[in-house]
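Undergrad: Based on these hints, arrange chain D on the given structure of chain A.
Listed below are the residues making up each chain.
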Amino acid sequence: DTGVSQNPRHKITKRGQNVTFRCDPISEHNRLYWYRQTLGQGPEFLTYFQNEAQLEKSRLLSDRFSAERPKGSFSTLEIQRTEQGDSAMYLCASQGSPDTQYFGPGTRLTVL
Amino acid sequence: KNEVEQSPQNLTAQEGEFITINCSYSVGISALHWLQQHPGGGIVSLFMLSSGKKKHGRLIATINIQEKHSSLHITASHPRDSAVYICAVPLTGGGADGLTFGKGTHLIIQP
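Chains as they are written, first to last, in this note's numbering: chain A, -1 to 110; chain D, 12 to 122.
Excised from the complex, chain A in its bound form:
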């Protein structure tokens, strides 16, 4: 069990560019969550998957954001046409049973 991993750990991009982040959950965890954390704030829920099905999306997830978990294992979060307000830490967590969520190290996005 190697824990939840996220790549890249840091991403700097220019406004208007597209970015994609990857999350590899703990193997056999069927639930995977994405959160966003801005400086000085607690994380905020974005979306979650049960296996490959995306079951819930926060209203924070605008049309520029899309998340996938095609085979029920790793997940990707894509942001299109990035804006400076998208700068944040993007956290992934996975959950098996019992209901403890295990967090990855996060991807820190900076949009210039």
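It should be emphasised that the hints constitute simulated quantities derived from the structure, not laboratory data.
Here the structure is a predicted model, which is why all the values come from computation and not from measurement.
Cβ coordinates follow ideal geometry from the N, Cα and C atoms, glycine included.
Honestly, I wouldn't trust all of these hints.
Which chain D residues face chain A? A few, computed with CB under 7 Å, are given here [to be verified]:
1) Ser56
2) Ile97
3) Gly113
Footprint (simulated), chain D over chain A, 3 or more residues, beta carbon under 8 Å [what the hints assert, rightly or not]:
4) 39 to 52
5) 98 to 108
Computed cross-link-like contacts, DSS-like style, restricted to lysine-lysine with a CA-CA straight-line distance of at most 27 Å [as the list claims (entries may be wrong)]:
6) Lys114(D) - Lys55(A)
7) Lys79(D) - Lys55(A)
8) Lys9(A) - Lys114(D)
9) Lys12(D) - Lys55(A)
TA: Leaving out everything else, chain D in the frame of chain A:
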């Protein structure tokens, strides 16, 4: 949707002091999480509890379901306990929900 309030927002204490961090939430829940976040962003789950009390080393977490309140205590605090402590509960109360988080308590333990 659940709302989470944590207090205090900031806490500075001397090494060895007993620390208490409080968390209140608005909607009945299946379980509450206490998390620790060090500078650099990594989040570690400390406790998940649905009733009573749990202890792990110098950390103790309690929850009162009727009052919708939880506390995290640190005994014999040490500078390495310096971190942000975050309380989190399911968005709508259920176990499979995404979590909603408090703003965190920034704890500094001075030697």
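Undergrad: If a hint holds in the structure, say so; if it doesn't, say that too.
TA: Hints and how they fare:
1. Ser56: holds (6 Å)
2. Ile97: This hint holds: Ile97(D) lies near chain A, its Cβ roughly 6 Å from the closest one there, short of 7 Å.
3. Gly113: holds (6 Å)
4. 39 to 52: Our answer is that it holds, as 9 residues pass the Cβ test (under 8 Å) against chain D, meeting three.
5. 98 to 108: As far as the stretch 98 to 108 of chain A goes, the hint holds, because 7 residues have Cβ atoms under 8 Å from chain D.
6. Lys114(D) - Lys55(A): Holds, at about 21 Å.
7. Lys79(D) - Lys55(A): Holds. Lys79(D) to Lys55(A) sits at ~26 Å (cutoff 27 Å).
8. Lys9(A) - Lys114(D): holds (24 Å)
9. Lys12(D) - Lys55(A): holds (14 Å)
Checked against the numbered hints given earlier, this structure breaks none of them.
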